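Q: Please construct the entire structure, taking both the sequences and the accompanying hints into account.
Single-letter residue listing:
2 protein chains.
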Amino acid sequence: MKSKTFKPPIRTLMGPGPSDVSQRVLNAMAKNTIGHLDPSFVSMMDDTKNLLRYAFKTKNELTFAVSAPGSAGMECCFVNLVEPGDKVIICQNGYFGDRMKENVERCGGIAVIVNDDWGTKIDIAKAEKALKENPDACILAFVHAETSTGVKSDPKELVDLAHKHDCLTICDTVTGLAGIPLKVDEWNIDAVYSGTQKCLSAAPGLSPITFNKACEEKIKNRKEKVQSWFLDLNLIMSYWDGDGARAYHHTAPINNLYGLHEALVILAEEGLENSWERHYKNHTILRDGLAKIGIDFLVKEEDRLPQLNTIVIPDGVNDVNARKKLLKDFNLEIGAGLGTLAGKVWRIGLMGESSNEKNINHCIESIKSII
Amino acid sequence: MKSKTFKPPIRTLMGPGPSDVSQRVLNAMAKNTIGHLDPSFVSMMDDTKNLLRYAFKTKNELTFAVSAPGSAGMECCFVNLVEPGDKVIICQNGYFGDRMKENVERCGGIAVIVNDDWGTKIDIAKAEKALKENPDACILAFVHAETSTGVKSDPKELVDLAHKHDCLTICDTVTGLAGIPLKVDEWNIDAVYSGTQKCLSAAPGLSPITFNKACEEKIKNRKEKVQSWFLDLNLIMSYWDGDGARAYHHTAPINNLYGLHEALVILAEEGLENSWERHYKNHTILRDGLAKIGIDFLVKEEDRLPQLNTIVIPDGVNDVNARKKLLKDFNLEIGAGLGTLAGKVWRIGLMGESSNEKNINHCIESIKSII
Numbered sequence: 000m001k002s003k004t005f006k007p008p009i010r011t012l013m014g015p016g017p018s019d020v021s022q023r024v025l026n027a028m029a030k031n032t033i034g035h036l037d038p039s040f041v042s043m044m045d046d047t048k049n050l051l052r053y054a055f056k057t058k059n060e061l062t063f064a065v066s067a068p069g070s071a072g073m074e075c076c077f078v079n080l081v082e083p084g085d086k087v088i089i090c091q092n093g094y095f096g097d098r099m100k101e102n103v104e105r106c107g108g109i110a111v112i113v114n115d116d117w118g119t120k121i122d123i124a125k126a127e128k129a130l131k132e133n134p135d136a137c138i139l140a141f142v143h144a145e146t147s148t149g150v151k152s153d154p155k156e157l158v159d160l161a162h163k164h165d166c167l168t169i170c171d172t173v174t175g176l177a178g179i180p181l182k183v184d185e186w187n188i189d190a191v192y193s194g195t196q197k198c199l200s201a202a203p204g205l206s207p208i209t210f211n212k213a214c215e216e217k218i219k220n221r222k223e224k225v226q227s228w229f230l231d232l233n234l235i236m237s238y239w240d241g242d243g244a245r246a247y248h249h250t251a252p253i254n255n256l257y258g259l260h261e262a263l264v265i266l267a268e269e270g271l272e273n274s275w276e277r278h279y280k281n282h283t284i285l286r287d288g289l290a291k292i293g294i295d296f297l298v299k300e301e302d303r304l305p306q307l308n309t310i311v312i313p314d315g316v317n318d319v320n321a322r323k324k325l326l327k328d329f330n331l332e333i334g335a336g337l338g339t340l341a342g343k344v345w346r347i348g349l350m351g352e353s354s355n356e357k358n359i360n361h362c363i364e365s366i367k368s369i370i
Numbered sequence: 000m001k002s003k004t005f006k007p008p009i010r011t012l013m014g015p016g017p018s019d020v021s022q023r024v025l026n027a028m029a030k031n032t033i034g035h036l037d038p039s040f041v042s043m044m045d046d047t048k049n050l051l052r053y054a055f056k057t058k059n060e061l062t063f064a065v066s067a068p069g070s071a072g073m074e075c076c077f078v079n080l081v082e083p084g085d086k087v088i089i090c091q092n093g094y095f096g097d098r099m100k101e102n103v104e105r106c107g108g109i110a111v112i113v114n115d116d117w118g119t120k121i122d123i124a125k126a127e128k129a130l131k132e133n134p135d136a137c138i139l140a141f142v143h144a145e146t147s148t149g150v151k152s153d154p155k156e157l158v159d160l161a162h163k164h165d166c167l168t169i170c171d172t173v174t175g176l177a178g179i180p181l182k183v184d185e186w187n188i189d190a191v192y193s194g195t196q197k198c199l200s201a202a203p204g205l206s207p208i209t210f211n212k213a214c215e216e217k218i219k220n221r222k223e224k225v226q227s228w229f230l231d232l233n234l235i236m237s238y239w240d241g242d243g244a245r246a247y248h249h250t251a252p253i254n255n256l257y258g259l260h261e262a263l264v265i266l267a268e269e270g271l272e273n274s275w276e277r278h279y280k281n282h283t284i285l286r287d288g289l290a291k292i293g294i295d296f297l298v299k300e301e302d303r304l305p306q307l308n309t310i311v312i313p314d315g316v317n318d319v320n321a322r323k324k325l326l327k328d329f330n331l332e333i334g335a336g337l338g339t340l341a342g343k344v345w346r347i348g349l350m351g352e353s354s355n356e357k358n359i360n361h362c363i364e365s366i367k368s369i370i
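Respectively, the protein sequence lines represent chains H and L. The first sequence runs 0 to 370 under numbering that gives the first Met the number 0. The second sequence runs 0 to 370 under numbering that gives the first Met the number 0.
Don't read these hints as lab results, they were simulated from the structure. There may be inaccurate statements among the hints.
In this list, chains with the same sequence are indistinguishable; a pair is considered to hold if it fits within one copy or across any two.
With a cut-off of at most 25 Å between alpha-carbon atoms, the simulated SDA-like pairs for lysine to any residue come out as follows [unchecked claim]:
#  : residue 1 : residue 2
1  : 1         : 43
2  : 219       : 104
3  : 224       : 107
4  : 3         : 52
5  : 182       : 7
6  : 323       : 36
7  : 3         : 123
8  : 58        : 9
9  : 3         : 38
10 : 291       : 342
11 : 58        : 275
12 : 222       : 85
13 : 131       : 5
14 : 324       : 41
15 : 100       : 219
16 : 182       : 327
17 : 222       : 101
18 : 1         : 284
19 : 58        : 271
20 : 1         : 52
21 : 86        : 223
22 : 343       : 314
All figures in this text were calculated on a predicted structure; none of them were measured in a lab.
A: Structure representation (structure tokens):
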């Protein structure tokens, strides 16, 4: 073997994630590894739970980070809450709604899809119609911040509606957390999952998650065991629980958790509401700059995610070649379109550490020079 | 929120994992994060696959790291290879055999347990009897290096036997990889999973895994979809495949993979066989040192894992208090007994970076002073 130490090139990360990770978070990850049952590590886990509650705006006891990326966080919600035969209504307005359907079906559940066009927010009237037509549905699932299209939907409206029809709610806010308002308790969302590599600007690999008492009840009253041992909340609960003896479940990703903890400390220092405001303000700066070079947004103004800007590729510009050039000549990563939007749009992330004026200027100047 | 940057205490990690992580690996994890679809990252992933093939002694195409800890690696093997109704024979001689049973049953499979006493190796005659009594079994699963007891079993014998009875084999070598001889191709093991935080001395959070063609065939011919979306090898294969377009599956834990890559580069520099030899030699030094202070091993000499030494707690010594004192006064972490061995044994890890004479001396002197 002739492999050598890997030296990553220095990039500016303005795609759909990961976002730029700060030196503070990188330094945290490089701290000496200690045992996952070390009292000192356990107290850091407890502090991480509190910081996550702050970020989610919740008092939910069951709030922690799944030891795997956001897609495992999604799966954690579905395998624990969906039992064979359960009917789940999925509001689908992008790529990640499709993945929810896959999850429901692999749990033996029945997925009822409510379709909205990619690039539009979830239509509350359609969701209501589906709830009325499916009185046996027990869960409504939706994406708060669609990473594939740059659209934000309205959790509060959807949750109120679902609860009127006796449904629990599962909310995907992988790209939302810390970037746009999210108020888990005030909005009564039942199960919520996110990622670390978006607006928190920690390294990828963990999935912050929170469940309210109604979810805990459903999980405790399951007829069958959760199909995933690794993601079984009954087991994970006794691992993350700081009270009493900590049951061994798996070895936590120690250094990744150091990084997430530091990213959350940084968020608390800035203040959650200030973070939301910064993400919005920087979106307007990017928007105005792109307008000057004649670039249009896919999503209408009021439904846009400030942290994920989906822009229409100008006529005559080759998608792949242009992105290659941005990466090669400007060390700038932006995101491609997914699914039906492939080749038609770019996705410019202004998430977490990446959401700053220096990046915005670099991005606009780079795009200007290649179109 | 008044949380502060976490400062882990400096420990000597001589438990069942994580082991000490070298400064080189920590530095690698602190390198700037880049995108998971960045060509530069993709080539590092390809190099990681090659390095893992080196460590596993295999040419298997399907060799990579699951983006989650070893327990997810275990689950990845079972959910992909076990279909509902499949009968799986599990040789159980410790805690992790029990977890295999959980996995099989959660996949809708039928687990046939072959029990051996904790602290003994797997009895090949018992395994043969079970295979004869269950001609409809299609998989034999076993633990190469039982982390709960410090026992090594013989994969070659077990695999030869299983193949005679038309069974595929799943081998847990979470604690084995790089610490004791493992020859995946020469021994014809079908599916093998490991962890990063043992003899590789990378941070926890990833699970190296390898599957041969027979497994690929079984997975491709499944009647039902894999129940886990996150661990579905059909999807992961197209993500880790370096040829052609890389399909988006999930966001890889970038910085953890930097760390694993560096740990594998270090292993290649040392040489795999030299690493096996170092682990063995250091075990004999520890063994001789402990003998001088009258401490016995649980496992008989020829079945011991050199990297995980299970010793009998001396009479009159309080398990919990003694380990607390080791941690508090000597910053030394050793492992408790699990399951039926709780309170009766300690587990002293000499894994990866932790396997060195300085640690051994520190460990013996510390134990001497508290008993």
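Q: Hints first: check each against the structure and report whether it holds.
A: Going through the hints against the structure:
1. 1 to 43: between (39 Å within a copy, 13 Å between copies)
2. 219 to 104: Cα proximity of residue 219 and residue 104: in one copy and across copies (21 Å, 19 Å).
3. 224 to 107: both (13 Å within a copy, 11 Å between copies)
4. 3 to 52: Between copies only: 16 Å across, 41 Å inside.
5. 182 to 7: Answer is neither: 37 Å inside a copy and 32 Å across each miss the 25 Å cutoff.
6. 323 to 36: between (45 Å within a copy, 12 Å between copies)
7. 3 to 123: Neither, since 54 Å and 42 Å both go past 25 Å.
8. 58 to 9: Neither way: residue 58 and residue 9 sit 39 Å apart in one copy and 33 Å across, limit 25 Å.
9. 3 to 38: Only across copies: residue 3 and residue 38 sit 17 Å apart there, 36 Å inside one copy, limit 25 Å.
10. 291 to 342: within (23 Å within a copy, 71 Å between copies)
11. 58 to 275: within (20 Å within a copy, 49 Å between copies)
12. 222 to 85: both (12 Å within a copy, 22 Å between copies)
13. 131 to 5: Answer is neither; intra-copy 55 Å and inter-copy 50 Å both fail.
14. 324 to 41: Between copies only: 18 Å across chains, 46 Å inside a chain, cut-off 25 Å.
15. 100 to 219: This pair counts as both: shortest intra-copy Cα distance 24 Å, inter-copy 22 Å.
16. 182 to 327: Answer is neither: 40 Å inside a copy and 41 Å across each miss the 25 Å cutoff.
17. 222 to 101: both (22 Å within a copy, 16 Å between copies)
18. 1 to 284: neither (47 Å within a copy, 32 Å between copies)
19. 58 to 271: within (16 Å within a copy, 49 Å between copies)
20. 1 to 52: Between copies, since 13 Å is at most 25 Å while 46 Å is not.
21. 86 to 223: Close inside one copy (16 Å) and across copies (20 Å); limit 25 Å.
22. 343 to 314: within (9 Å within a copy, 73 Å between copies)
When held up to the earlier numbered hints, the structure conflicts with 5, 7, 8, 13, 16 and 18 and fits the remainder.
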